[in-house]
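Going line by line, the protein sequences match chains A and B. Numbers 344 to 837, taken from the numbering used here, label the letters of the first sequence in order. Numbers 2 to 653, taken from the numbering used here, label the letters of the second sequence in order.
Warning: the hint list may mix true and false statements.
Claimed, not checked - Restraint ranges, calculated between C-beta atoms of paired labels, are given here:
1. A:812 / B:547: 23 to 29 Å
2. A:454 / B:315: 54 to 60 Å
3. A:541 / B:643: 51 to 57 Å
4. B:649 / A:541: 22 to 28 Å
5. B:466 / A:780: 39 to 45 Å
6. B:207 / A:812: 25 to 31 Å
7. A:798 / B:69: 48 to 54 Å
8. A:753 / B:550: 54 to 60 Å
Stated by the list, open to error - In silico DSSO-like pairs for lysine-lysine, Cα to Cα no more than 30 Å straight-line:
9. A:774 / A:533
10. A:815 / B:573
11. B:573 / A:774
Everything labelled a hint here was simulated from the structure, so no lab data went into it. Ideal Cβ placement from N, Cα and C applies to all residues, glycine included.
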Amino acid sequence: MTTTPFLSLSIWLPIVAGLLVLIFGSGAQRAGTARWLALAGAVAGFLVTLPLYSGFAPASSAMQFSEFSPWIPALHINYHLGIDGISLWFVLLNSVFTPIVVVAAWEVIEDRPAQYLAAFLIMSGLINGVFAALDAILFYVFFEAMLIPMFIIIGIWGGPRRVYAALKFFLYTLLGSLLMLAAFIYLYLKAGSNFEIQAFHALQLPLQAQILIFIAMFMSFAVKVPMWPVHTWLPDAHVEAPTGGSVVLAAITLKIGAYGFLRFNLPIAPDAAHYLAPVMIALSLVAVVYIGLVALVQTDMKKLVAYSSISHMGFVTLGFFVFNPIGIEGGLLQMISHGFVSGAMFLCIGVLYDRMHSRNIADYGGVANTMPKFAAFFMLFAMANAGLPGTSGFIGEFLVTLGSLQANFWYAFLAATTLIFGAAYTLWMYKRVVFGEIANDHVRALLDINAREFALLAILAAAVLGMGIYPKPFTDPMHASVNKLIQQTTLKKI
Amino acid sequence: MSATKALLLLIPLAPLFGALLAGLFGRAIGRTGAHLATILGVATALGAALVVANMVFAQGFRYNENLYTWLSIGTLQLNVGFLIDPLTATMMVVVTFVSLMVHIYTIGYMHEDPGYQRFFSYIALFTFAMLMLVMSNNFLQLFFGWEAVGLVSYLLIGFWFTRPTAVYANMKAFLVNRVGDFGFLLGIGMVLAYTGSLDYTTVFGFAQGLGGSMVTLIPGHAWSLMTVICILLFIGAMGKSAQMPLHVWLPDSMEGPTPISALIHAATMVTAGIFMVSRMSPLFEMSATARSVVLVIGATTALFMAFLGIIQYDIKRVVAYSTLSQLGYMTVALGVSAYPVAIFHLATHAFFKALLFLGAGSVIHAMHHEQDMRHMGGLRKHLPITYWTAVVGSLALAGIPPFAGFYSKDLIIEAVQASHAAGSEYALFAVMAGVFITAFYSFRMLFMTFHGDERMDHHTREHLHESPWVITLPLVLLAIPSLLSGLMGVQPLVFGDYFGSAIVLGPDSPVLELRKEWEGVLHFTLHGMTALPFFLALSGIALSAWMYLLRPDVPAAIKARMGGIYTLLDNKYYFDRFNEVVFAGGAQVLGGGLFRIGDQTIIDGGLVNGSAALVARGAGLIRRLQTGFLYNYAFMMIFGVFALLTIWLFKA
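If we strip away everything but chain B, and leave its shape as in the complex, we get:
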């Protein structure tokens, strides 16, 4: 084995090893052993990922090789292998860095939990799965990682498995993701059927020739093959990246412990869909129709999920809805062919969203597991580090320069502006309006939690204290990239040749146009401060300050005035209700009907027992010959068959 291969293998296997050690021998190695094993594993992975990233960016290193053949049938070869290019390298670094922060944080956050070792095992296993997903060089392994992160997410949401809400949420998350996987699997099947391979390189090579191919799924309707494939694949992305209407699982996933909300439901797993579509850019660039579908769904998610963030009182749910909305922004970027911008926002968002979630966790920790912001307030004095890092995170989320979110979000808006894709006008409105709402709810959260009156009960106030260093250190370490990653990343990621051939940009991509106008970071920042989104963000913050700092009576008045809209938002547009009644309820009614009418009445009642009754009547006559032992009957039958056979054959 070459040294390179060993280095690459180390990246996913080190966390896996830690996970196995903590999971299988948790009792033997104890709590310290479990967190040391997994943290060392993930730290090793981060170190190796940094080395590889350095090789990729400094030396132009590329790697595309199979590790072993998983299965081969005829000409079909299914392999497990790695593809290392700038896209993979970026994802590896983001995943392992955020994961390491979450691991360290967990020492403090979960220290009283009896499932300590199990938790570490799960989050390290998750890191392994996510790394296999991003490092894959083929669709099969992608699907492996895809489902594996779904599994670990299931295990983690249901980590506190005695809570009914948690085990309901984890099943819901798994099933909704499975609906996405259903489309994804069919997409993979179509890819195989038309290209004969599941290898990225081979498939992308083939795809060039399939641009004009049509496919007839319903007689009389011919569709572009690439459109069908891309939409099917995107359905998978809608599940993982929680795009409407498959977004319903993500808010409920907040039932899991907070560290995993940061790791899985903000920074990594939910970005799998965004990553996948970027990886598939050679395919998506061949179907403008599919991209418009992506664009419209992303824009709808970005705007309508942001609305829901306004009315939440649970601190984690505010962050969760902001995640949904931000994932919508990334999807919008994909829809206008601005893949590098999507990945850029994915990366900056991973840092500041992990920061916000971990900050929320620090608050919850200090508040003795109180999550309702109505019982918080004035925490600024008690939790200074948490407060200041949360300010950084909120500014980044709201898109205020020079924080990271400003650069990535502004570029998405500019890309939509420059795009001529069908649906881009709608998308532009959605992302613009979203900026205002995002700024509003992120500062609403900040003000309700850290400013104003102290609304907690006396006992809680007595015990308020800043979290231990294992919690605050990751906050500080995440605040740094939340401030700087946009400023530093924008030039190379979007305007340099950072991704090289890893991402294909069609001739219509607005990124090409933006590149022409690029005049440096400083100019971009200053220009951004005179543009509409910046003022929208500022007014969102101002409105929020007015409502929650100066006039705390206003929100209640608005709520009373706007009862209808509030009810609609409070019920999350009735998606959950609809799914419960129509899909979950419908499946049970259908299943029950098929069971009672099909199986029990027609097949068993009519055919089986009907003929049995017939036999029984006949058998009544010769009953005395019967012994009542079933094996006698069977033996008699064979004997009889032989006898008949013999007679018949000798006659012939």
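Chain A on its own, in the form it takes in the complex:
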């Protein structure tokens, strides 16, 4: 094992950088300092995660880059970090997006930029903590703490109804979190005064207890994913959040819920997971179909993409709960891809919003005439959102459909309707915004993307295409961990 604590670095480097930005970058005259400092911190935070990929042993299903030290010995709470082939991807994804949101905010955020950038850096570190924590309480602390910067970002830099949106999010999250904590404490007592997540995995539990634990954790994670019917906070949060907030919300924080299912629900309560799988699958399919239809009638671009996110995340949970490797790895790939694609979609909407100050589809029309470069990028991401082969958006949907068909033909049948609905809502929006004659003088006055925006979109375009053309490097490190997970889920605990 390596001696450099890369995981700790990936958590604390952005947080320290965020604090430095606050200290040295606050004040109107020092916005430039804040920006460059934040960029340096974000890039450094990304660089320290690279060894996690290069040094990762793909054949092993064990936790790697582990760090362990007692934190609150009286309660047997430890600072225990480690990643496997599943969490690896989310630490990487999160760290990729931090520089992106910093650059996306560059000239756009004029109100207290230091605080804004610091919030993102701190949030980035905390989110890495969520994915790397192997101690339940440590997980819980990161899980709750990362909400604070997000609240601040929406609450201060958000739109006119930001307070409503933040409060809605808060209410949704509150109940679930407390139930999850109760479950942790129950497991702690069962495991002999131990908060180790891996110790929880090994616990033998009666079905009744498993079901209660499953539901308690479900309440917390389902809100995050979000699954139908606890999804209505997401469109509101997206609409009110500034661009960077939407990007992180869609690309990263939605993944925490799905990750929670894999790290907690499936291995801790496998019998309950099987018992409740029909319900989970039903909720997932409702998300795909119902939300797909709801997305079709949205008039606000951000709401439309938010609904499309919910629909796409339905594939993730569907893939997980058919319990076969194709489904689970498909779900994981869908999560990674959705990170790139939805992040890019929100950046694209941000590009338009910065110029027109409107998210309303009806205010646009004929953008391709004045912003051809932008239109090309937006086309690529729209197609990825519609799951076109050759883009990353295809792989997850394809594999989950194949995986779910092995469980039941009709699961796949309903899931595959996304081929039609996903294309319909995405392309219809694209048509109304980008194609056609120039709709009004505001559109006529639009300037095409600048070098900064071009660079951001080009990076994501490369990721979307690269993953679509050659996804194997993404799945190779997953196999061992996913196989172990499937073993854990097939093992009877009763």
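Based on the hints, put chain B in the right spot on chain A.
Using the frame of chain A, we list chain B on its own:
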């Protein structure tokens, strides 16, 4: 890398390289650079395809290897790889040849368009996608190419993106194709679920053992697995190859510039479905039920789409409906297990239909973008090369010997005659009647455009001139195979062992019977000239000559007399109206209802804001403790949780 592999890679990658160069660096390399890059790319591909085809036919070369592993999960290996056999070789040559003609033609046709480089980039990209599709050795890559041609078609139909009709048509085309892909994807899923692989060779090997397998999708109803798989796959083919009721996108796709109508919506993309079913012949040969479905849908398309060709005035739409009808003929051939005949017709049709479309484009070009045949007439004198090549194309389409269409179409009819499949009587009637109608409308178009009075306005007449050589050269080059490919191809393609093991023919295939009766090309041609289809075609031409050359008052009289039928045809059997109201409208009503009642009223109104109101009432009491800053609340919450935890645990 072996030399063979490099040669094979060159075929799709050369057009891709041209497309990237023209698309990404269009401004830097300029118009000439863009067309040179893409034309060189496609010409290279054609050259390499000819070399490979020569290897295949002269030396029995076969190739089936993976290039790289796209993804692997457990035992499932998804690869990108090439399968080269006679079927692939034929498709590669047809695709690259027609594509090259269209590229050259585009120099002339699009020379005034500001999107010149973008256009070249798209058509070269299309060539790449189509080549990946036909060269694939597995279902995954097939689906890649399948969707990629759909994408490029979307981009090209909406090429003039400021036109509302164009951007409506391209979305419609993409969505209708997606409905087909929906079935196709489920078919692929079933293949994987039952064979554990997506590799053609493995799947076809497995399929032999699955002939008797049943599958229960609805409790109490067991269906043959192969029937389910084949029908699902065929739904995909119905989308791409525009079979009823998924044909609605193709006529609208005429909104794109004419060169792509020739390339995509006549000669190549729409043939993807025909190619796919032929490639899957080992599967389709195991389900007579699925083949009968294919047969009936093909026959219906062949006949009913031909009717629509009669009443069109837009020159491109006449050709478009004839494409739909001819695709129906190919599908009929598939339905009676005559796969080699289907591919034969696919190839001859690719040549003469590309010719007709490009000819129509040449007319439109000369007429300053006028497409209505009522404003044409007498163009024969002004556009001699276009005229004579259009005559060749029309004769080929009408099925007059010795033009190419005669051989392929006659064989389809004979195959249906010899077939005993369920539905073959209906199909025989449809394809026979179709011959008459096809001959009628193709010559109606020829007469209305090139003969009779000059009905255009004075200004247009002043400027009429034959198109430049970049337009007429492809016409001439396409006229040659439109004349000769049938004559030369019929013996080897259908009656020789041309396809070898690439296409599987079951014991019931009428092709086997036809082979017994085969007595050479000359005999076949002479025999054809005494058979019913030939007379049907001649009478179609004669009727058309009477109505449009001798008695131009007759069509109007018939139109007035047959108002009801005319309205039905003019509204294209109301398919569009039905789809708009039921599917597009229905989805919006449903989505709106779910949004307002489900999300806004029940979930938000009832559950979320209801509990929020409850909290708010309670919070009113302790309001003074609150700072109003959300992060304070969050912090307090964590703090509180820790406090509770500590107390509880120490008690325990």
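Hints and how they fare:
Taken as a hint, the range 23 to 29 Å is violated for the pair residue 812 (chain A) and residue 547 (chain B), whose Cβ atoms sit roughly 58 Å apart. Remark: the range hint 54 to 60 Å for residue 454 (chain A) to residue 315 (chain B) is upheld by a beta-carbon distance near 57 Å. Taking 51 to 57 Å as the suggested C-beta distance range, the pair residue 541 (chain A) and residue 643 (chain B) does not conform, at roughly 23 Å. The hinted range of 22 to 28 Å is satisfied by residue 649 (chain B) and residue 541 (chain A), whose Cβ atoms lie roughly 24 Å apart.
For the hinted restraint 39 to 45 Å between residue 466 (chain B) and residue 780 (chain A), the CB-CB distance of approximately 32 Å leaves it violated. Between residue 207 (chain B) and residue 812 (chain A) the Cβ separation comes to about 28 Å, which falls inside the hinted range of 25 to 31 Å. Between residue 798 (chain A) and residue 69 (chain B) the CB atoms are about 29 Å apart, so this pair departs from the stated range of 48 to 54 Å. For residue 753 (chain A) and residue 550 (chain B), the Cβ-Cβ distance of about 59 Å falls inside the hinted range of 54 to 60 Å, so the restraint holds.
In summary, the hint linking residue 774 (chain A) to residue 533 (chain A) is not supported, as the alpha carbons are separated by about 57 Å, beyond the 30 Å threshold. The suggested pairing of residue 815 (chain A) with residue 573 (chain B) is violated, with an alpha-carbon distance near 47 Å, which exceeds 30 Å. For a cut-off of 30 Å, the pair hint linking residue 573 (chain B) to residue 774 (chain A) stands: about 25 Å separates their Cα positions.
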